[in-house]
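Undergrad: Below, each chain spelled out in residue letters.
Protein chains: 2
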Amino acid sequence: MTDDPRFGLARHVTLPGPLALDGGGRLSPVEIAYETYGTLDAGGTNAILVCHALTGDQHVASAHPKTGKPGWWTRMVGAGKPIDPARHFIVCANVLGSCLGSSRPASTDPATGRPYGMSFPVITVRDMVRAQAMLLDHLGVAVLEAVVGGSMGGMQALEWAATFHDRVRAAIVIASAARHSAQNIAFHEVGRQAIMADPNWRGGAYYGAGDPPSAGLAVARMAAHITYLSEAGLTEKFGRRLQDRGAKGFGFDADFQVESYLRHQGISFTDRFDANSYLYITRALDYFDLAEEHGGLLANAFRGSATRFCVVSFDTDWLYPTAESRTIVHALNAAGAQVSFVELSSPFGHDAFLLDVPELNQVVDGFIRAGEA
Amino acid sequence: MTDDPRFGLARHVTLPGPLALDGGGRLSPVEIAYETYGTLDAGGTNAILVCHALTGDQHVASAHPKTGKPGWWTRMVGAGKPIDPARHFIVCANVLGSCLGSSRPASTDPATGRPYGMSFPVITVRDMVRAQAMLLDHLGVAVLEAVVGGSMGGMQALEWAATFHDRVRAAIVIASAARHSAQNIAFHEVGRQAIMADPNWRGGAYYGAGDPPSAGLAVARMAAHITYLSEAGLTEKFGRRLQDRGAKGFGFDADFQVESYLRHQGISFTDRFDANSYLYITRALDYFDLAEEHGGLLANAFRGSATRFCVVSFDTDWLYPTAESRTIVHALNAAGAQVSFVELSSPFGHDAFLLDVPELNQVVDGFIRAGEA
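Here the protein sequences come in this chain order: A and B. This note's numbering puts the first residue of the first sequence at 42, with every later residue one more than the last. This note's numbering puts the first residue of the second sequence at 42, with every later residue one more than the last.
Relax, there's no trap hidden among the hints.
Have a look at the derived ranges for each label pair, beta carbon to beta carbon:
id	chain 1	residue 1	chain 2	residue 2	range
1	A	E333	B	D285	14 to 20 Å
2	B	A61	A	G292	14 to 20 Å
3	A	T115	B	T115	55 to 61 Å
4	B	A273	A	E413	37 to 43 Å
Worth flagging that the hints you see were computed from the coordinates, not collected in a lab. These numbers come from a predicted model, not from an experiment. By construction, the Cβ of each residue, glycine as well, lies at the ideal position given by its N, Cα and C atoms.
Here chain A stands alone, though its shape is the one from the complex (with noise of 0.2 Å):
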């Protein structure tokens, strides 16, 4: 198998589709860029799907192309963690929509021979799990032992379960929704309007021209960014110090440490981010709603589901507050679900279940070791 240029990082793959999409287009071809770790056992029953979130990508256990930097989730997949190459055949995908391989609308679209920008479809959280399916077609994986994301990539693990109830062992659903709030909608229009109002915008037909949206871009990263984070954290973080100088400089320098590192959080990103991607990952989440999908009733989506899940929240994750995993449990149980649940505390808010917290390490541990005994 390991021959097989299917496997291994930094693999690419043109599928043929159609994907009927939600929105009503149909998306041909399908491009999908991911990684595998590990290999499938013979049996097939060592899979172990992960998603990514908003801004994340398929490099879970790898270098970013981009930044050099490790993968994103080094902490939960690799050597000796919870999910671990010696034990599970782990897949990650970029999700369609994002900007690290998988169709996007810097893609070409195919009918005009040129990138799509704000040609190509509105996608939604269920259509990236519908691609992630055909991968692993491609790929020969029947079933997965696990499905496990946080934030987006949780509501994706969500959507594997109710969508393909009979694919997914276990779902592990980390500082997720079910359904993306008022207040989470208003966020990621701002992050919107930031990007539109760039005159480099310009419609999204900005590939090519060596000036993106960067401005707007960062703008929308620095709003988004102070959502993932506590207030309480931010205040141990930063506080009131200042950055690099003695005093207040009674001007609009970056006096504050925490201006200068949302500054710096708000330029980087758009060394590795397209703006246009942005706008449809966030249309995505805003769009997701899991209990419409299901007639209304959140429980729908789990009826008959004989899949094992395990909910996990933060208790200073304000983003998707633990009040969001408990309607996720309370839906379970009315569906008669096997789920555990719980709240960890962590000073770090929505950002959590990228840090260091070594509770949730022991949590996806037992739950996954628990389905393997």
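Fit chain B to the given chain A structure using the hints.
TA: Structure of chain B alone, referenced to chain A:
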């Protein structure tokens, strides 16, 4: 007194100054736009200074000159209200840096004969208060029966009590804080970067060109506006309801009511506010740290004060949460000051101080009347 041109609506005075600023500069002349309601009694005992919030103005109970809307605090100020022109001499002044007539970035710099733009000096909340004290001198008001304000207005009320012990018999501090937190600064920095990223901003030198940085200012307002509302309030008001359509549009128009609402908030704001003023006032707020002004110990700001304090917070306010009010109350207790404190319940988040919360009126009315007994 009614013939005295100093009193009434839509007043404006140019004082020679100079006003020595915290940032080291001197402002001269000092323009102050203000309004007065009611009549100062013979003993000069019934003056109440109302301080406005970030985007507020002097039109506390009169129609806004640009929007035509009623004054921003007619629930609190007016006939039969807690602050009543029949009983009180009410003063409300546009803060320094704001855009409704007081000295501001759009004012003419006497050194150049052209608008200051970004050469306007960075001002502080204490500078605002010092300018108000100059106005009270001009109006012949020696001592305030009360100074009252919500949000940034509450900061001014605190600053008044701290800076002019002998001129303030009572201070009412609503939905406010004694310092700006890292998260507060972060949200303001997003707004400033949105403005500065707008090419029309031109380093602040956009006056007279007819194309101010409205797009950037609208994004800044949208981001800030989210912080003024509670998550629960947004859910109750908008939830995931669609705007004038039966189904999702699978595009980037404002599908959701909350998007449409936010866009409207952003755009309409640009009709009444100046982008540079927004930069300067947010900066003043971020610099606000009353403890820092008093040797790092907040209680020192109130040591020996005979002022009566009333501190009010709202349970759903996450911009200046109740914990910030408690910090103020603890400092007042430590300083031996008289203080009454209440956390009110409201679904409206930070904006509750401007909205229909009958308990707030009862608290303010009772507190003011107690001082008149």
